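Novice: The residues making up each chain are set out below.
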Amino acid sequence: MGVDLIFRIAAIGILVTVLNQLLIRSGREEQAMMTTLAGLIVVLLIIVREIAALFDTVKTIFRLN
Amino acid sequence: MEIIQIIGVGLVSTLIMLILRKQNPEIAVLVGMAAGAFIFLLIAAKLSAVVDQLEEYAARADIRPMYFTSVLKITGIAYIAEFGAEICRDAGEEAIASKIEMAGKVIIIAMAIPIITSLLDLVLKIMP
Amino acid sequence: MVRTRITRMLLSVLISVSAAVLVMAADCSAARDADGMGIMGTETAQIIGEQFKAGGIGRISDEIDRYTDEETMELFRGFDADRLMSDLAAGTVEVDLKDTGQRLLRFFFRELYQNLGILVKITVLVVICALLKNLQAGFMSEGAGQIAFYACYMVLVSMLLVSFRTVMTIGISIIDRMVGFMYASVPVIMALLVSGGNITAGGILHPAMLLVIEVTATVIRNVFVPLVYISAILTIVNNISEKIQLTRLVSLIKQIVSWSLGIILTVFIIAVSVQGTLGAVIDGATQKAAKFAISTFIPIVGKTLSDAAETVIGCTLVIKNAAGVGVMAGILLISVLPLIKIIALAGLFKAAGALLEPISESRITNCINDIAGSMIHIFALSASVAFMFIVSVTALISAGNASAMLR
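Protein chains in written order, with the numbering used here: chain A, 881 to 945; chain B, 111 to 238; chain C, 7 to 413.
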């Protein structure tokens with residue numbers, strides 16, 4: 881977890897965008913949409929761990945448990 | 111120096127979000143979330159130290175722990191609610207953002223009720 | 007404006023009490039010379055001694071013991087009411103003012119020191135509140151920040167209220183104890199008045215005086231003190247929000263209390279003085295008539311009898327004055343130390359308000375300041391009651407002396 885996380889997400893995002901454009905240009909729209917969704921889900925999974933860590937930390941610091 | 115790190119991360123994320131926003135707004139939102147979480151986790155340790163020190167002062171001053179904890183919880187809830195609401199707003203969902211904020215306020219008031227009750231009790235008890 | 011009224015009243019209290027004591031001392035010597043003998047004629051001393059024992063003076067010192075608390079006795083160790091009064095009667099009283107003043111000052115500082123803990127607690131709380139507020143300011147919407155402020159404010163208020171309750175309890179207990187003491191000692195002085203020949207004064211003054219004392223003290227205790235409490239609560243509420251303002255209501259209540267107190271005090275003093283003088287004049291005339299009648303209508307021993315009676319009456323006067331001073335000393339003893347406690351607490355809170363002004367919100371500082379003001383109000387109320395009682399005792403005594411001088 882670090883700055884590289886953000887870069888990783890950015891990389892995935894750019895990758896997905898590029899693939900998206902490619903697939904749209906070559907006429908396979910459904911696959912384009914599916915790639916986008918797949919990319920989203922992957923990024924989401926990565927992020928969920930970080931968000932969970934965030935909420936846990938907030939819970940501990942502010943004694944919210 | 112952490113602050114420089116934080117500023118760096120912030121600027122980089124903003125740029126990335128700008129790039130991604132047009133083509134892929136969903137990923138942009140996720141990048142925003144990640145950046146926010148990351149920055150907060152960076153300062154979490156310091157924040158924790160401050161809170162612990164405040165708690166020690168409160169204990170030494172004989173303030174009932176319940177009060178201090180309540181105020182602390184209120185702060186935490188406010189922070190999280192703000193976090194969520196801001197992300198929604200950035201993504202353009204103003205309605206959901208305000209709902210989250212309202213929910214936060216309601217929960218805070220619910221938490222503050224015991225304090226108000228004990229204060230009223232005290233006032234009535236002293237009445238000659 | 008209200009505050010200067012109270013200050014002026016307190017100043018006049020101080021001046022009147024000093025004047026009363028001086029007048030007392032003058033009266034003492036006047037009463038002694040009135041019987042025509044030298045200051046230390048042995049017969050006079052003997053008669054004084056006998057009258058002393060017979061007059062039930064011991065009761066006064068018993069009452070003093072009953073109504074003062076331990077701390078006062080500890081502070082004024084070596085003070086003996088009996089001895090004071092017999093010294094006064096014999097004319098050899100020595101009051102070491104400097105030493106007493108020093109002891110009072112030391113007590114004041116000790117109280118300050120003991121209650122310093124409260125000041126520290128308040129400071130810590132306010133600091134925490136300020137810090138939390140700064141934490142919040144960064145990322146909270148207006149409403150949530152306000153609510154967190156309210157939580158801090160309420161903790162602060164509960165601490166202030168606890169102290170205020172202490173002050174109120176002290177104030178009420180002072181008034182109660184003084185009333186009880188007066189109830190017990192005034193009859194003694196009345197008895198001395200009557201045996202000193204002031205029948206009318208004793209007859210008029212006795213029930214009227216007790217009634218007035220009871221009524222005034224009850225009014226102050228049951229009406230004014232709750233009013234001050236209400237005004238304190240209102241200030242707290244006032245300072246919760248900057249938008250809801252109750253300032254005028256609070257000032258109104260405070261003004262009502264001050265004015266009524268002033269009016270009651272004035273009326274009381276006038277009533278007591280008038281009663282005393284009336285009774286004195288009548289008694290002076292009656293005594294002259296009685297003396298004349300005795301010396302004229304009883305043959306041979308008439309003149310001697312009336313002269314002897316006059317001597318005894320003169321000596322009783324001396325004792326009555328001594329007893330009066332004893333009662334006054336009693337009232338002072340009962341009230342001085344608790345009053346110092348109240349002042350110490352009020353001063354502490356004012357200092358807290360001043361110290362915390364830079365780091366905390368104006369609402370918190372205003373709240374602390376106003377609570378300190380209410381405490382001073384309670385102090386003024388209790389001091390006024392003490393003042394009333396002292397003045398009435400003085401009037402009682404002067405009544406007897408005036409009639410003696412009229413002879």
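It should be emphasised that the hints constitute simulated quantities derived from the structure, not laboratory data.
What you are looking at is a predicted structure, and each value in this text was computed from that prediction instead of being measured.
The reader is advised that the hints may include incorrect statements.
Stated by the list, open to error - Heads up, simulated DSS-like pairs for lysine-lysine below, C-alpha to C-alpha not over 25 Å straight-line: (1) C:K249 with C:K139; (2) B:K156 with A:K939; (3) C:K139 with B:K156; (4) C:K356 with C:K139; (5) C:K249 with B:K215; (6) B:K215 with A:K939; (7) C:K127 with C:K294; (8) C:K139 with B:K235; (9) C:K139 with B:K215; (10) C:K294 with C:K309; (11) A:K939 with C:K309; (12) A:K939 with B:K209; (13) C:K309 with C:K297; (14) C:K127 with C:K139.
Novice: All hints are to be evaluated individually against the structure, with a verdict given for each.
Specialist: Results of checking the hints against the structure:
1. C:K249 with C:K139: Holds, at roughly 19 Å.
2. B:K156 with A:K939: 15 Å, holds
3. C:K139 with B:K156: Within the cut-off at roughly 17 Å; holds.
4. C:K356 with C:K139: 24 Å, holds
5. C:K249 with B:K215: Holds: C:K249 and B:K215 sit about 20 Å apart, inside 25 Å.
6. B:K215 with A:K939: It holds: about 17 Å lies between the C-alpha atoms, which stays within 25 Å.
7. C:K127 with C:K294: Violated, at roughly 68 Å.
8. C:K139 with B:K235: With a Cα-Cα distance of about 30 Å, the restraint between C:K139 and B:K235 is violated, given a limit of 25 Å.
9. C:K139 with B:K215: 16 Å, holds
10. C:K294 with C:K309: 13 Å, holds
11. A:K939 with C:K309: Violated, because 102 Å separates the two Cα atoms, which is more than 25 Å.
12. A:K939 with B:K209: This hinted pair holds, its Cα atoms lying about 21 Å apart.
13. C:K309 with C:K297: Measuring from Cα to Cα gives roughly 9 Å; hence the hint holds.
14. C:K127 with C:K139: Holds - the C-alpha atoms of C:K139 and C:K127 are around 18 Å apart, at most 25 Å.
Hint compliance for this structure: hints 7, 8 and 11 are not met, and every other hint is.
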